[in-house]
Amino acid sequence: MIQKRKLVFEFQNLLGNMITLFFGFAFAPMMALVFGSSYDNVPQALNQLYLSFFSTIPLSMVFVGFSSLFSQEVEHGFTLRAELFGYSRVSQALHKFIALTGFVLLSSIIYSWIFLSHFNLPLPSPSIMVQMAIFQILSTAVYFMIIFLLTMILKKFSQVYGISMISYFAIMIISGIMGNMNVGKLGNYLPIKLFITDYTKHLNDTDYISGKIGLYLLILLGILGVIMKVVVGNKNGNKHQY
Amino acid sequence: MLEIKGLNVSYGKKLALTVPNLTINKGEIIGVMGQSGSGKSTLVNSCLGLVPFKGQVTLNTDDVGILMQEQYYIDTMTNQKIMEGLLNTSIKKDKKLVELIDFFNFRSQLSHHFKNISGGQKQRMSLIMVLYQEPELLFLDEMTTGLDFESRQALIKQLKVYFKEHQTTVIMVTHYAKEIEQLADKLLIIDNGQVIAFDAPKNLFKQYVGYSAFIVGNNVDKNIKVQQPEEEYSVARQLIDDGDDFRRTQGDIELVYTEVMKGQRA
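Read top to bottom, the protein sequences are chains A and B. So in the UniProt record's numbering, spot 195 of the first sequence is number 195, and the numbers just go up one at a time. So in the UniProt record's numbering, spot 110 of the second sequence is number 110, and the numbers just go up one at a time.
Hints were generated in silico from the structure; no laboratory data involved. Treat the hints with care, since some could be wrong.
[To be verified] Non-contacting residues of chain B with respect to chain A, defined by C-beta distances greater than 12 Å in every case (computed):
no., residue
1, 75
2, 85
3, 90
4, 154
5, 200
[Claimed, not checked] The calculated PhoX-like cross-link candidates involving lysine-lysine, where the alpha carbons are at most 25 Å apart (straight line), are:
no., chain 1, residue 1, chain 2, residue 2
6, B, 115, A, 155
7, B, 13, A, 155
8, A, 4, B, 96
9, B, 262, B, 202
10, B, 93, A, 4
11, B, 92, A, 4
12, B, 186, B, 157
13, B, 26, B, 164
14, B, 95, A, 4
15, A, 156, B, 26
The C-beta atom is built at its ideal place from N, Cα and C for all residues, glycine as well.
Could you build all of it, start to finish, from the sequences and the hints given here?
Dropping the structure here:
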């Protein structure tokens, strides 16, 4: 099911997209270092900051980078061409997701190395690192499905990118990464809860991410998976169009 | 290879295409002509299941290739990487792909980016990828539109050789009569969503023009139809005496198309 050349193709595709590279790799360390310089001697604040921007990596990579790239591919008919050629939508989704997850994990490692070494903070424990990695993968999966579905439905770059950028900034504001907005009871709703940064306070609690937040993500993933199966389907496996 | 029965395609309330019966045999090359918006591309799209339709379209193969008028690939990587990625192969290790690349003289373009190559080269790259799959049934939708005369001629010449060698069944939508003259076994003419003619060009010529025709001043609207061989000499004599430039034809597709559109049989 996973083909090496297609995976390399999707990696190269992402590498060629400057928006993905900037927002996926540069944005989090850049912002975290800028804000972090104000809390140079407050380890707790730095820790909070580190985790907040850590959680923005999959969001930026998918909502800003991938949405621009994929919606242009769909609008220009590349997705359909590849699909009729035999590179089915499901296969495209799978290869794109794996490539994107690879980028998210790589970016997370680079970000962590830059931030933690710059502020002389200790590395998280191995069990926390594993949880953080799982959180990044699950978040990437949820964001990926949202953008993939949105693009399949709207098909136009301007519409998809408009919605994804508005959502991106809305999530950043709701989650408290940008500004200081109190979302009040709204924060108790499941999808909103997913995006707010409460979980970053619980990273020492090994059950929290694998438990509560992990469960939220898995439920959302399940719901999105069912919708994706209905919308995306899998057809035209043997047609070659260019 | 392809059988259509009672095909009806509508866009909203407008009936875009009606094809009562159409059978295309293996190895045949069908040229599809018609005005813009007549339903040519709708025919291709319904065969591919890309538009909803009523009726029955039976393709006797799953191995279908499609070449569209416009192509879009990723601009940020070289043509070689695109080909290798989409075909899931390595050019260095793939003899079949190398042969196709050489057949279409595309080797020098492999290191270029897709956006930087000419229209003709873009078509060649797409053709290489389509033909690499060795499709039994191939749809070509206005593939040479926008190409200059030389590129068009070169491409047609290469395709003629390829199709002959591989016995590919081809449905070719085009505005260029010369392409059909050079490639097609049968001509299908669509007007206002209706198939108005489908036969070998020679047969259509006989039905709608006659034995032969003299086209005066390279303008198909200005023609003299000849029904019997013995009439030809007197017609030619008259044209020479009048000092007209003319050419004689027994199969000019543009003339056939014009006469079929007029709907007057010989």
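* **Agreement of residue 115 of chain B and residue 155 of chain A with the hint, judged by alpha carbon distance not exceeding 25 Å** => Within the cut-off at roughly 22 Å; holds.
* Asked: Do the alpha carbons of residue 156 of chain A and residue 26 of chain B lie within 25 Å of each other, as the hint requires?
  -> It is violated: about 39 Å lies between the C-alpha atoms, which goes past 25 Å.
* Asked: Does residue 200 of chain B sit more than 12 Å from chain A, CB to CB?
  -> holds, 28 Å
* Any Cβ of chain A at or closer than 12 Å to residue 75 of chain B, or is the non-interface label fine? -> Residue 75 of chain B is in fact no farther than 12 Å from some Cβ atom of chain A, at 8 Å.
* Keeping to a limit of 25 Å between CA atoms, is the pair of residue 95 of chain B and residue 4 of chain A held or broken? -> Satisfied, since the Cα-Cα distance of roughly 19 Å is no more than 25 Å.
* Asked: Was residue 85 of chain B rightly flagged as not at the interface, with every chain A Cβ beyond 12 Å?
  -> violated, 3 Å
* To do: Starting from residue 186 of chain B, check that the Cα of residue 157 of chain B is at most 25 Å away, please.
  => holds, 18 Å
* Hinted pair residue 262 of chain B and residue 202 of chain B, Cα distance within 25 Å -> holds, 18 Å
* residue 154 of chain B: least C-beta distance to chain A exceeds 12 Å? -> holds, 19 Å
* Asked: Holds or violated: are the alpha carbons of residue 13 of chain B and residue 155 of chain A at most 25 Å from each other?
  -> At roughly 24 Å apart (the allowed maximum being 25 Å), residue 155 of chain A and residue 13 of chain B satisfy the hint.
* **Pair hint outcome, residue 92 of chain B versus residue 4 of chain A [Cα-Cα no greater than 25 Å]** => holds, 16 Å
* Can we confirm that no CB of chain A comes within 12 Å of the CB of residue 90 of chain B? -> violated, 7 Å
In this structure, the hints that do not hold are numbers 1, 2, 3, 15, in rising order.
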